[in-house]
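Those protein sequences? They're chains X and V, same order as listed. Heads up, the first sequence is in this note's numbering, so the first residue is 1 and it goes up one at a time. Heads up, the second sequence is in this note's numbering, so the first residue is 1015 and it goes up one at a time.
Calculated from the structure, these hints are not laboratory results. The beta-carbon is built from N, C-alpha and C at its ideal position, and this holds for glycine as well. Wrong hints could be hidden among the right ones.
Stated by the list, open to error - Quick partial rundown of chain V residues pointing at chain X, CB under 7 Å, derived from the structure:
#1 1149
#2 1156
#3 1170
#4 1227
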Amino acid sequence: MTSSSGQNYWMSIDSLGDQSLETPQSESPDGSQPVSPESDSGWSRRSFLRAAGFGGAGAVVAGCSPAPIKKAIPFLVQPEEIVPGRAYYYASTCAGCSAGCGMMVKNRDGRPIKLEGFRGAGGTMDRSHPVSGGGLCSVGQASLLGLYDSKRFKNPQLKGKDSDYSKIDAELSSRFAAGKIWVLTATITSPSTRRRLEQFLAKHPGSEHVVYDEQSCSALLDAHDRAFGQRVLPRYRFERADVIVGVGCDFLGTWVSPVEFAAGYAKGREKNAGETAWHAQVEGTMSLTGTKADLRVVKTEREQIRLIGTLAGMLARRAGVSPPQGLPNAKPDANLKSLEAKLWGARGKSIVVSGVQHAGTQVAVAFINDLLGNYGQTLDIESPSFQRQGDDHGIQRLTSAMAAGGVETLIIHDLNPLYDLPDAAGFAKAMKSVGTVISTSSAPNETSAAATVICPEPHFLERWDDAIPVKGALCLTQPAISTTTLFKTRSFRDSLAAWAGDKTDDLAFRKAHLSKTVDWRAASHANFESFWSAAVHDGVVEMPSKVAPLGKFKSTALKGLSWPSAQAADGFEVILNEKVGMPSGRHAHNAWLQELPDPITKMSWGNAALFGVAAAAELRISDGDIVAIRTKDLVIEIPAKAQPGQHDDVISIAIGYGRSGTERFAKVGPDWIEARPTVAADGVVGVNAAPLAVWEDGLLRRTRMVTVEKTGRHIDFALSQTYDSIDLPANTAPGEDRRRNIVHETTTGALAAKGCDDHARHRGDVDLWTDDHANNLPHWGMAIDLNRCTGCSACVVACQVENNIPVVGHDEVRRRRDMHWIRIDRYYSGDPEKPEDVDVIHQPMMCHHCDNAPCETVCPVLATVHSEEGLNQQVYNRCVGTRYCANNCPYKVRRFNWFDYSREDRLQNMVLNPDIAVRSRGVMEKCSFCVQRIQAAKNESKRTGVEIFDGQIQPACVQTCPTEAIVFGDVKKADSAITKANADPLHFKVLEELNVKPSVGYRTLVRNRKVKGE
Amino acid sequence: MTRRTVWIIFVVSCMMGGAAILASSNVRLPGNDIGYVPEQPIAFSHRLHAGELAISCLYCHSGAEQSRHAGIPAVSVCMNCHLTVKAPMAEVKAEAAAATAEGRDPRRIVSPEIQKIYDAMGLDKDLKRDPKRPAPGISWIKVHDLPDFVYFNHGRHVNAGVDCTACHGPVATMDRVRQESNLSMGFCVNCHRDVNENGLAGDHSLHASTDCAGCHY
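Bound conformation, chain V alone:
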């Protein structure tokens, strides 16, 4: 073995070792945000709403069938329920029981997280719009964010029968939403190829394009 060969073997084994360490650690390639769980301005729980209460995804994400964006619900959509639901049931019941026991009227309980919705809309104590209060809306943090050079259309996929969990994972079990798939091109194309080979839920008439211009334009 020449010195040169030893040198090459040394460099190559260093690189392989390094790659192995990287692969076993949490380091990811740029753009891959799998596992991203940002803290949201309101501790909204998908587990509670979509899981326990079994509200349909489309109730809030109503754009998913007809638009490119599934959409984040307008604050008024939250108010459809939270006009009456102001605190967890257990707390309300406990207060009612305590009030009965103490022989007084139950106090109005508003959970601090739900209060944030009212503040976002600039509502007063009676949940009426107060023009003097600011209505800043809710600045949610985007969890799933595709690069600008990718065009993804929710409507096309939902109408074809792709389940929300196929990309978003078991959201109904997540308190805080986590990016479940890496949403890389490989992730998309694998699914498209699979559908063309095996169909989607038994439907073999589907053609999922693998053309570049299906997503890039």
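The shape of chain X in the complex, shown without the other chains:
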């Protein structure tokens, strides 16, 4: 494994600059000195101890009374499926976005406490959901918190006052008759809701329905309409591709259906022995997808568009087709030639995918895929995806209709246009002429503030729903808690029924509609009832659908498209992108997602304008400097940050921030004398970048030319990982001058030439500890495949939900007191002189449960000790908070409770896992390998007499991982998956030379290239 050869890894630009990885840093982020222990408060240490001793003795005497009375109130009639203290699961469908991933809702005592990746009827390992397999992303995991959001609407509202549905319906019935109705919704994948909507629209002739997505794919949909006559999204089958070319498209992180794509991508990267797909990514800023690429080409969006056009021409000439007129024709460089050769070599087995909202680009991409014969192979438009249906032209029609005074009633469902439209102010102004605005938002947002009527939508854990996200897969959502338990909500479908005057019960309606429209006989059921029961039980049914013949690519599609000129305009090109944990403004009120460090920038609580490293240096901008981003009609002030891997002419800004109402997080952290609020006075979390988008040729373009000025002000980012450096002191380094790296990577070229170099392996033949703890119990271990890990951070949130990990707020994260038990370490490598061309490697890091654990030997009170099963146990009730263990941990994975983190929100506390203690102030905590799940499996095994099988125990991180990158099991079992993973020649342990014998190992990342840039 040579890759470690001379490869230099760095965590951030700062650490690269002064090589401070080796210089001890002050513990406090601002470099201030700690307060002297002998302060002159008039109290000496002795007198304090004396007083404390007496006080303590008094407390002991006072404590000698029976415990406070606690009551226990049993059910009147116990529901059949509920046994107090036992969890039960419902198969359901996530609605955190429109992708339609399967999930299991874990309920305890009547309330949902955890969302898990889908598991089919075939046992705990059956990851067979037709969309998502068995994973769930960070947003899906975190969307549980939205259920217990105490800021949700508790009642429907009429003109800003609490009301009830009968009054609202009566009021609306007269208003609906008054004039034209427009309905504005996000993508609706539910056939029943769509049917209800059609009925409602039919009842009110002349009314119109407009679909708009805040993460629009309108250009891609339009291109397929133009080229094939079908306005659909193809299903991307990454698992079938040998060559993948992504252009400005973060398909592993945020684009359309990331769990589905990541699962397929990981499969495709692991074909037969040694064979792996080749992935090139063309992009302007470092995206999660870009971090996994074998070849990363850094281009501005204008250059990306021209590159696609040129590539289309080159491939057409290669195929002997005369290239369409008007395509840009740049001089091909080495990268472009390499792309062309690879794609041509993998005809029928490649994918070109672009997220650029530009008509020409998307048609050219469809043209390339058609030339290469990918349709029908890697791109499925015969059983297409319906995960995005938005049409950018529609919302512009709506705006002009409103401005012209032609809209009497506007119903806005599942959208917040006054926040995420580029011309939100214009939309708001036009909306003033609308007689009645109805919003179905479940919590106050920018749009609901301007609405006359609010009929709050229940959370997706509170309602029945169905979805067909891709053709042939019917996914059902079932309530895990009743719609009216928490708040008085009513689903959009029920509202439409009430407004259309239809009294059919929702269940009967849904069943009647599905029995007519869904081919349930194809799923081999005798009658619809049995089909329905099976569907509700399993959460999803796959129906082999009839294949519609694929239309031919219409060569006229490429005519009349506009292409940008080769000459760049002055200034910077701003690209609006999405953060993995915050794909849009929809989840801005979710504290878990706000605190989740972005896997690339490692930033929590806010967004920034990311600059190329050289560009930032030229402008003399350092991280946290607030810059003014100017266009001719607006100015946005936002803190700046240098980002390796970014084009120097590009500024990228994440959308989804600056949402109204996020000032609620001002006091999210602990309250103490030096606390700084998470949100500045009269501010919100982050800055809304949506106004920087523009309408161009009827499409929402997320790019535009801007100029930049410094403002002279500065803020501190809440960054994680860029501290606690884990580098080896020289005297512990192996006998050669080369040090082992923390992360290991190699290339297919090096692997083929030299095989695995066992330099990275530690022989471990000297040991002061004797192995005198032999037993026949399991020894738990974990292995993480760095090839499969995309850094998506789903595990981080899953762990947070499962283990009652508190949210600490911006200031505490800034002070390096974040509490996540898993962090996804991100290292850059490559030539520091060329920061555009860096490689990125993600490494999930959690407690390694070392057999020779350094933390255990230093604990003075034995609060952290080893278990018989190889677990490093942390005993909260024994811990006195010396923090010696954290200081002695080479992996820096222990987290200290500096405060009693706030649990004042009683509703939100319902999300706590009752099987896990809520840690109090002064206690150390860390990853436990989800010992509660190990215990639960053992309990079940004892109860049923069935032995625990390999893979049955899945810690929260393993369970949710979309790419199955993490394996957990008993390393003593010869045939277990973990034993096989540990025997892999590419397996390595971090800091193995310290001989701490960690139970966690990694599989070396293999990049599919001979040398860099190939």
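Here the structure of chain X is known, so what remains is to put chain V in place on it, guided by the hints.
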């Protein structure tokens, strides 16, 4: 002997004397609620139900085999019997005899304690659910309460064959339930060690973990 030595002896003997007084009295360490006998909202007698009538513990505490909590029975479980059993047999018989003697129909006798069950469920005179009446349930007082940092699973112990009385004592003899064991960590660990040494009721295959993470997580 220096004054200092005398002083030390005096302090030490005072402490030992104090400790002896404390040990002989009823004073307990914090968290030790041994002997706790709270008065319950209904004078339910385990002696009568579990002892005299020999109803199995699991009939009411049905979670004990499968869940972490043994569970307090739902009020509907009480009603399984108390739909017909409304008063002690002796009183019913006495009333029947008196009615025969006086040549009238026996009066309906409902014991005031059993009436509390009906009130908890909001039942009317004919024991039908009356939607107008409140159904507040029964607010039992917890007798055995472990601290939040301890995880105890009833199912695991019951399935291993540990008798209920091992921790709860002779409940079938108690009118009002009393905490019989101190339920301290020492109490738990002693039993676990004993099982590992001597087995449980002759079964030597059991392994009772003494790992911290067996109970603390």
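Hints and how they fare:
Taking 7 Å as the C-beta cut-off, the interface hint given for residue 1149 of chain V holds, the closest approach to chain X being about 6 Å. Nearest Cβ of chain X to the Cβ of residue 1156 of chain V: about 4 Å, under the 7 Å cut. The hint holds. Because the beta carbon of residue 1170 of chain V sits about 5 Å from the nearest beta carbon in chain X, less than 7 Å, this interface hint is met. Annotation: interface hint on residue 1227 of chain V holds; nearest CB of chain X at approximately 4 Å, less than 7 Å.
In the structure shown, no violation is registered for any of the earlier numbered hints.
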